[in-house]
Amino acid sequence: MRRNKARFVTACQQSLALGAVLAVLAPAANVVSLDVVGTLPGSSDSPVTTGSDGAADRSSDSTPGGTVDRAPAADPGVSAADREPARVETEPVQPVVHEVPMEAVPDQPDDPAKHELVSDPEKVTGYGAVGVTWQHGEELKDDQITVLVRTRTDGTWSSWTAVQYHEEHGPDPDSDEGRHARPGTDPLLVGEVDEVQAKAVTTYGSIPDDVTLSVIQPGASKDTEVEEPAIDTSRLDTAKRDQTSEQAADQTLESSDGEIALQAGSFTPKPQIFSRAQWGANERMRDKGSLHYYEVHAGFVHHTVNANNYTKAQVPGIIRSIYAYHTQSKGWSDIGYNFLVDKFGRIWEGRYGGVDRPVVGAHTLGYNDYSFAMSAIGNYETAQPTSAMLNAYGKLFAWKLSLHGVSASSTRQKVGPKYFQAINGHRDAGSTACPGRYLYAKIPQIRRLAAQYQADWTGRERSTDVLGTAHPDILLRRSDGTGFVLPTGGMLRFRAARQATFTRWSRYDTVVVSPDLTGDAKSDLLVRDGTGARVRPGTGTGDFGNGIKPTQLFQGMDQVTAVGDLNGDGRNDLVARQPSTGRLFLYRGNGSGGFTRAGLSTAWASYTMTVGTGDVNGDGKADVLARDKAGALWLHRGTGRSTLAARVKVPGSFGQFDAITGFGDYTGDGKVDLVVRTASNGSSYVLPGRGNGSFGHSVGPFTQAKGLGIVAGGDVLGNKAPDVVGVRGNLLVSYSHYGAQNVRPMVSVGSAFQNASLLLNVGDWDRDGRDDVVTRTSSGTLELRRGLAGSKLAPPVSIASGFQNVTLIAAVGDTTGDGYPDLMGQPKGGSMRIYPGYGLHGLKASYVAHSAVSAGGQFGVGRYDGDGAPDNLFRSGSRLRMLRGNGPGGLTGASAAVSLDLTGYDRVLSPGDVDRDGRADLVVREKATGYLWLLPGRSGGGYGTRRFLAEGFTGYDLMG
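If you use mature numbering (1 follows the signal peptide of the UniProt record, and there is no 0), the sequence shown corresponds to residues -28 to -1, 1 to 932, in order.
Honestly, the hints are just simulated from the structure, not real lab data. We treat Cβ as the ideally placed atom computed from N, Cα and C, and that holds for glycine.
Listed next, with one range per pair, are the computed distances between beta-carbon atoms: (1) A866 x D889: 19 to 29 Å; (2) S578 x G528: 17 to 27 Å; (3) S451 x G563: 42 to 52 Å.
Simulated crosslink set (EDC-like; lysine to aspartate or glutamate; CA at most 16 Å straight-line): (4) K764 x D740; (5) K113 x E139; (6) K593 x D537; (7) K692 x D488; (8) K692 x D492; (9) K899 x D873; (10) K95 x D166; (11) K171 x D92; (12) K171 x D181; (13) K521 x D501; (14) K678 x D630; (15) K494 x D515; (16) K284 x E200; (17) K95 x D126; (18) K113 x E140; (19) K284 x E56; (20) K390 x D400; (21) K386 x D341; (22) K386 x D400; (23) K386 x D839; (24) K95 x E71; (25) K86 x D115; (26) K86 x E75; (27) K494 x D537.
Using the sequences and the hints, build the whole thing.
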């Protein structure tokens, strides 16, 4: 505050305050460590849980919400040492700032370029800190001014001591804060002395205007208590709920498993932080209008350049002195650092606005908008940091970076105009000695500690596995009001090839995979060469034994095909055609590798391919398929009596395939399917059987069958699912079915969604290990349906109200990084807001995530861009754009278009990682057909070529 304005305190107040300091502070050595303490939050302007208070400064939008209260469990990552108590303030403490002008000394004739200013000796009562500032706009380089201070005690003056000045310390010049800030030195603690005097020497060519000496006292403690850190970052906002905890004590939510125990997921350990109130912050001193938020991409290590011999009890006063100097003398809106740490390893909240939010500080000029900083209390140009301090740095940086999706070990982070590592020293961003040579030398150790503390990002992703199958699920409501859960299955695929031991497979002109022909419950091969045919018994591992039961019954035959138990005798059979006559023969298996032959049909001359895959029409009897020269596929229904019924045409065209085979259920729905290969490019597909004699939309493509001379299907690897088998040169290769499916059978949840206007697959909302569902009623109430064992949903519980006019509501995963899934939505006429989830409490106070977004839908898509913070997509017509997440800060300002055309799709869903490749996918519904398509997420963002997922979804009015 300038001399021509009202003082922060009057001279009378200063005298009274300094006298009180003398009464309560114990003597110390010459170099001071301020012996004053700080407090547990209690006043209305004291940010006990700055997560919500900070939000109030950002927006005045109305915020719907109601809660069901339930006390949260303590975070398991917090140790007893983290909660070590300290003596803290119980009320705000008013520091004393006394400012005096420094006068110019007449120019020295021997050095006309040298200019010097000096202050009168100023009295210091109690412990003192000093600093020198000058007029805004008078910017000096570090080497253009030298500021010195000396003190007098018992009539003796000390030698002159340099006070550090670095132009990089402060708010960015183009910010509201920077436009009013005064340049100046860092504060220097001078200790318990009688007087202090400062001088400034410049080689700048002229003396800056309004050079002022500030003498700061931390203020007198009113009352102190010994307390634990007030901010448990695993329970931010819990203090807001304490007043209703007694009322909520008897509100018990029932479950089939009894009392719910909160389950900790994979989350970075949460540090314990002493609040601003605990160091006695007087919130009237800060400029509330300058509070603003942006992004966090990196962290910077600073030091305060104070003395190193301070005690635990003196730390709150030291912080208050820095706070007073920054706000009252330098004109900053608040203390510059986001956090401070003392040599005892205790972390203290710095700048107001939310320890978990990206509130912009004033610490690293040019990079404040994109980073945070923690300053070590002390001078680490002259002293080594303690191991406790380094450990606190590791834990705080691990947690804070994880909130914003930044890996602590990242070596390339875009921070404003330049790239930095995730953790840096202040000197990495400018020509400064900060944070001192000894602390700077420990930054590699801080990086290692932070990387060790930082958990993976899986806890931030939105989980959608309501049924407990380890795969994402899709919520559906049929137009008649019945609710369903559609479980995905990881997407049908095959493993890499397994090569059989025997290598002379090119000798065979026929290789047919058949269900068990030898009575050992393993699939076998029928092979044929110039000498005849024989059965090679399967081992169940992709290998086959020597041929048995040689026979000439198959000589001169083509279209040799396994058909299962066609004649109903309990043993598996084959069929083959005699091309010269067009007759089809049945080869009845005897269960030990032998066959007897009988005529089956005389009308097979027009067919180019015979296919067997079991019971195609669902009547319990094996059938035979055949393709004609026109490309039509015909079903010859088996009768179970060595005869075939009249043929029926199978819908679709099959002429483009050069291979059609089975044998068995590839899609896992209990119905037999086909494997086909396209002649034009060798890609193969699975045609899902519908169980009624027809086949659904193709699934694939797959590349396994490319280049195979003979293609067959069946379970040869003992994995309970059919594989793809073929001959490549002299080799027999088997491609094992992975066991994954596109989708699995739907599960009905009855009338659970009947009154819903919105379905949200929110993830593990209550942290009990099972994923949950939130629905919105027509009256705007959000209801939680907890997932239970046995694929059930619990009865609804109201968790919030007033959401009838909130649009673009989406489940977005753990945006805030507190271990609970969150929601995001936009009140009518307002800004996009984060609604932080709070388990069975419902929601924490909401806050602005972004300015208003014009879109038709919002989708939480997980870590779309590959960092650790969940991102969001917005649909406008047929286009998508992405807004990157930055953790609790919400969404970044710039949007990026997604190269994707949504024309023809009436639903877009974001169920998570459907194809299990580590990247979140989209599912879309094709309006004309009701088909569901998978749009696979690609590394670094964007989506690949669509893949068919499932059919039959035209009659559903709600999906989530």
